[in-house]
Amino acid sequence: MNAITLTVNGRRVSAQVEPRTQLADFLREELNLTGTHLGCEQGVCGACTVLIDGKPQRSCIASAAACDGADIRTIEGFDGDVVMGELREAFSANHALQCGFCTPGMLMSSRDIVTRLGACSERTIREELSGNLCRCTGYVGIVNAVHSVACGKTARGGAVAVAPVEAVAEVAPAPSASASPSLALARSVAEGAAAPAGKEGWTALSQRVHIPAPPAQVWPALKDMNLLARCLPGAEVTAFDGKALQGRMVVKFGPIKAAFGGDATVDFDDAAQTGTVSGAGRDSGSGSQVKGEIAFALAPEGEGSALDVTLRYRIAGPLAQFSRGALVQNLVGHLAGVFAGNLSAQLSGAPMAEAPASLSVWQMLKAMLKGWFAGRKS
Amino acid sequence: MSGDAQMSGDAQMSADNPTHPAAKGEGIGARVRRKEDARHLMGRGRFVGDIRMPGLADVAFLRSPVAHARILSVAKPQGHEDVVFAAEDAPGVGAIVTRSTLPTYKLSAYPPLAKDKVRFVGEIVAMAYAPTRAEAEDLCEAVAFDYEELPAIVDCDSGRAAGAALVHEAWGDNLFLQTSFDSGGVDEVARTAPIRVEKRFRTARQCMHPMEGKGVLAYWDFQANQLVVHTSTQVPHMIRTGLSETLNLPQAQIRIAPPDVGGGFGYKCLLQPEEVLVAWLALTLKRPFRWIEDRREHLTAGANAREHEYVITAYADERGKLLALDAEVCVNVGAYSVWPFSACLEAAQAGGNLPGPYIWPQYRCKTYSVATNKPPFAPYRGVARPGVCFAMELTIDAIAAAVGREAADVRMENLVPASAMPYTNITKKYYDSGDYQASLATAREMIALDAVRVRQQTGEVDGRLIGVGFSTYTEQSAHGTKVFASWGTPLVPGYEQATIRLNPDGSADVKAGIHTIGQGLETTLAQVASEILTLPVSKIRVVLGDTAATPFSTGAYASRGIVMAGGAVSKAAEKLAERVRLLAAHLMQCAPEEIRFENGAVEGRNASLTLEEVARAWYLTPEVLPDGVETGGLEVTEGYKPDVDTGLFSYATHAAVVAVDPATGATEILDYVVVEDCGRMVNPMIVEGQAYGGVAQGIGSALFEESTYDAQGQPLASTLIDYLLPGPTELPKVRISHTETLSPFSAHGIKGVGEGGAIAPAGALVNAINDALKGFGATVNEIPATPERVLDAIAAARSAA
Amino acid sequence: MKPAAYDLTLATSLPDAVAALGAHEGAKAVSGGCSLGPMLNLRLARPSLLVDLRRVEALRALKRSDTHLEIGAGWTHGEIEDGVVPDVTAGLMARVAHGIAYRAVRNRGTIGGSLAHADPAADWVSTMAVLDARLVITGAGGTRLSRLGDFMIAAYTTSLADDEILSAVQVPVLSATARAGYHKVCRKTGEFAQAIGAVVLDREAGLARVVCGAIEAPPVVLEATSAALLKGEPVERVADEEVEAALAGHPASFRAMHRAAVARALNEVGA
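Chains as they are written, first to last, in my numbering: chain E, 64 to 441; chain L, 1003 to 1803; chain P, 105 to 375.
Check each hint, because a few of them may be wrong.
[Said to hold, decoys possible] Capping the alpha-carbon separation at 27 Å, the derived lysine-lysine pairs in DSSO-like fashion look like this:
#1 1078/L / 1108/L
#2 1735/L / 292/P
#3 262/E / 1119/L
#4 1368/L / 1484/L
#5 1368/L / 1108/L
#6 1323/L / 1288/L
#7 354/E / 1078/L
#8 292/P / 1776/L
#9 1201/L / 1430/L
#10 286/E / 262/E
#11 306/E / 286/E
#12 216/E / 118/E
#13 1078/L / 1201/L
#14 1078/L / 320/E
#15 1117/L / 216/E
#16 1323/L / 1078/L
#17 118/E / 167/P
#18 286/E / 354/E
#19 1117/L / 1368/L
#20 1288/L / 1201/L
#21 262/E / 216/E
#22 292/P / 118/E
#23 1108/L / 1484/L
#24 354/E / 1541/L
#25 1541/L / 1484/L
#26 315/E / 262/E
#27 262/E / 306/E
#28 1119/L / 354/E
#29 1430/L / 1323/L
#30 1735/L / 1776/L
[Claimed, not checked] Partner residues are not named here, just some residues of chain L that face chain E (Cβ under 10 Å, in silico):
#31 1036
#32 1064
#33 1123
#34 1141
#35 1211
#36 1214
#37 1247
#38 1249
#39 1251
#40 1254
Derived from the structure by calculation, the hints contain no laboratory data.
Using N, Cα and C, we set each Cβ at its ideal position, and we do this for glycine too.
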């Protein structure tokens, strides 16, 4: 619990709040200011818009504890406000509300538009209102209402630029090898008709690793699960008996971090120099589940070896349920490179490149999976 | 704003549809401001989430992460066993089972807490309660759910394939329902018809997105000995029936008291499992509980709509005269049948409505309602008609293209003419009145078709391509007893009832069991009462929905509110007026038939009395009344339904001009017109609001909204960043023209208007997009018509060329 | 949904913030929280501790040298939009800021937070790339400078260590005659970009840079196009080819949108 003191509609309020309590929930549940509505809790719909220190902001994604000391104004705090009064009149006259759920947030943004911009075009009003969703009116009445109130109003005084402090330029960073990142973009593909039985619809990614050592030297090393795990940052083998493997994988993708614990089965074919590691894991936090298989095949290549690695994956649960998963494909490309580099280094006896924190094959796994599921629908 | 709307109404009145009296005061036809507005504008609306109650506990649900699996175990967190519930902990919760008498229909048992199997991502596996939602969610996370995955059925084709995994094992296949219609002559036409057009169309699965999601709060009222349920619903009286069945509790012990409802659109006309479970908790533990749906739940677990596939073969003559339509419709209705509308409504409506406002001499249609591992299907605004209208309107344009004629001309020549009204179409739809061709002609004029054709010749400076498209439809509104009884589902509307009471102070109370969900019934029902009693709307209080205070109603759906409840209020008000006349006649010493209502007063031959004075006599100074007075008093309940059960057909033509950017695939709507006719308008401002809002949702369907799923049935649109709702810059400044062709079968000639706006936009917009793309020979046949689909269509046409 | 439990500390100085981040496993810095907030609510982000930077004065500094303006990471998009932060980029930054999400988000979200989040579709990512800005990174051992291309490793992935904070950006002061182009392909106002083209042309400084962004990866500088632009050669074809090469393997529609975005941004500078 954090102790906070803030001003709400002109009244000083002190409270103990859990850091995870968002401002909207604090206003609604603790202060009974239920005019601030929660429409999405994803920062998109705008129903929760309130004034924080005079500026409209989303109260569903602002921690109440982080608003310590702030001045908050909700729809209930405008009963005597002249501009809000004009807007209320105009909203009713123009049929700018039907169910009324978006209305408080809509009024908050509208008042900001009218006071900040004054008289402005319908196009500007539409743009400025685009952070507030209404499902009933098609915005026709809302836009007309705001337009009618804005007409004749003058904009609040223009923003004053802050004068920068004069300072000596710091030393420029060394130019990078290339101004643009040149990442190997490993692209995952959906398993089509050729998918192994039971793996239909999984995502597969193939990568060829070149190793400057002959297969005879590489194959025994490949069977060392601890070595493989070291190449997969974030992966940890907790038990392995030659067949059954237990492990834990930490997945980090931006602010998203998941820890998958699970079991896997390992199969090697010494004669063919092929093998598979297949298993499943669960992230206890999100309840998401991942299933994966790594199949590899070793073959001679000139003086050295070529290792073909095919990763197949699928994920279920909240971590899979986004349409912007294609982003992750890029991370996959990067991680695949790190993995391949580490593996090559390990198997050829060279020092392993410093691994980025918390990168793992499971990251690739999840990443590729999401990338495929989401990104390539027509 | 009203300047944007053109009133051209009375021009359409004809001898068959007598001219109505001009709107007077605040009665029917007046642009009265809404009674609902004040509280919402002050931030003092009261939605479910706004209700405060001592000891209120928040409920959260653990939902299945997989689409299809056998449940192995649900292990509750240690130390919290008493606040976490799986199916075996709630034996008093019955499955939601929705009957229907349609042949081939199969029953599904929808357990509010999953039993044995889970059948879609988001199905409820366990629930927990705690003082806050956050803590309840913590508890759900601590539940260990173990399952064995089964193959998921995510689309119609795989659901219908031989050997497909079965969503419901006992069925033997995955078909909720198959229907077929055959007028008998399609094959013969096919042999000789000069023009044959084959098309496939798809419409995406969608979520309905009222800005307020579903929500329910329940507690036990010891004084009334009742379970009280404040639920965000369109159908409160039906929810009482449904809860009674699933909880095995007499209806007398259930009160549904719906608060403000933040939009419905069909999503809130179902008995939802969460509603059953929260009510069960309150009933069992005798404490207040609530659940407020969050947006993620709405997007990934709530009921969906719209996912259709069409295979259409149409036959016409060389001029585009329609000869026969041969269609197959598949609807992906998800895992369970919803109560009370069932999983069948969509396909039943699709098969019946596909011919649209056109004369099709021959028609054959098979429909398949396919069970899949996706959320159940709810009747979203327009029900099947946005899909069938899209398919039909693109078919008409395809026929026009095949015969090389202007699509608007072909459309015009095939619409049912006004002279044929009332008209019974090929599927026995009884079109009560209207001039469909006039609506198309007006739309053509307003959108300036000829000017668009000229503009297309000159091309655009910015390289974009201009296109124009039309879409004409009928909206069967307020269909009634016989229509619903033919489906045999739990909901069959009979006579809609309303109560009206004159109070001692001369104000009136109107009570109806239908509910207000944003469509303005608090205002429009008051207007109907005002039309007869001549009281100002401000003196008419409208009480809706509460089962303890209002007569039974099946609720707000199917564009029926103002027709049915309006009719009931009208009838009750007439009856009340008779009673007032009797009293006033005595008080003013004249004959009852000499008395007229004027400005909230009754005028006799030589005197007048305010309604307050009449009411005062009845309630407070009864000594002035004679013996033998009519004892019914000043409170009347009446039932009403239109003269036909077949519905009153509103109609409209939408027309759009778009600019398609061939480089980015982006579509901008440059102009959009609606020429609509919903009979007598009770409040034109509200009619326009319904049209604007419906068009906005239709544009969402046409260009933006899509609930995507992966091959395993994982929903990929779990946020409003993934699922795009159109905002103010994506929607055009819609221009509306009204005509008023009264229905001969309803009180005041009113027809319903709630759904229509959402039906036509996809047809008009995609026809416009395809018109813009005609230079490439490209056509988009799937909605939403995303930039990717537009670019892919162009690319496909180029590679085929 | 409501966030999983976490602790919150309101840092008042950069050293405090860096120390708090270093001392707690799973700690995360937050400023406006416009990207993190939804992920918290969805329980996808589950930090043990949030270190709130909104009270750190140093992140609100503005410093000017002959060549660069250093903008503290805590300035909001709205303040850049409104010109509270002076513009030295031929109007590019104010214009880009205006196009970010919605006003209520711009009033809270910060330039530093957006860059540290490293969403490839975010406007500041492409803008810093086209400006060749220097990102100032503060850690326990002091500050270091990085270019966007080095800072952003992959989608949502940066070179920031767990106890480092992106504390400022240094944007170059463009000449008075410099021109900038920026075109974003978006399905909706305020929505994430589907494609971004960004161009800076400063002939006085001998500078031309063309960037293709929102590619589900860090933005790419189109070197050949940039060179052609500086020379005053036709760029249309070379830009198309360079975008096609950079996005090989992506669907045709994706490539088409990026070609269009780059072409239109180039068009804005008269190329």
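Exercise for review: List in ascending order the numbers of the hints, as given earlier, that are violated by the structure.
Suggested key: 1, 6, 13, 15, 16, 19, 20, 21, 24, 25, 34, 37, 38, 39 and 40
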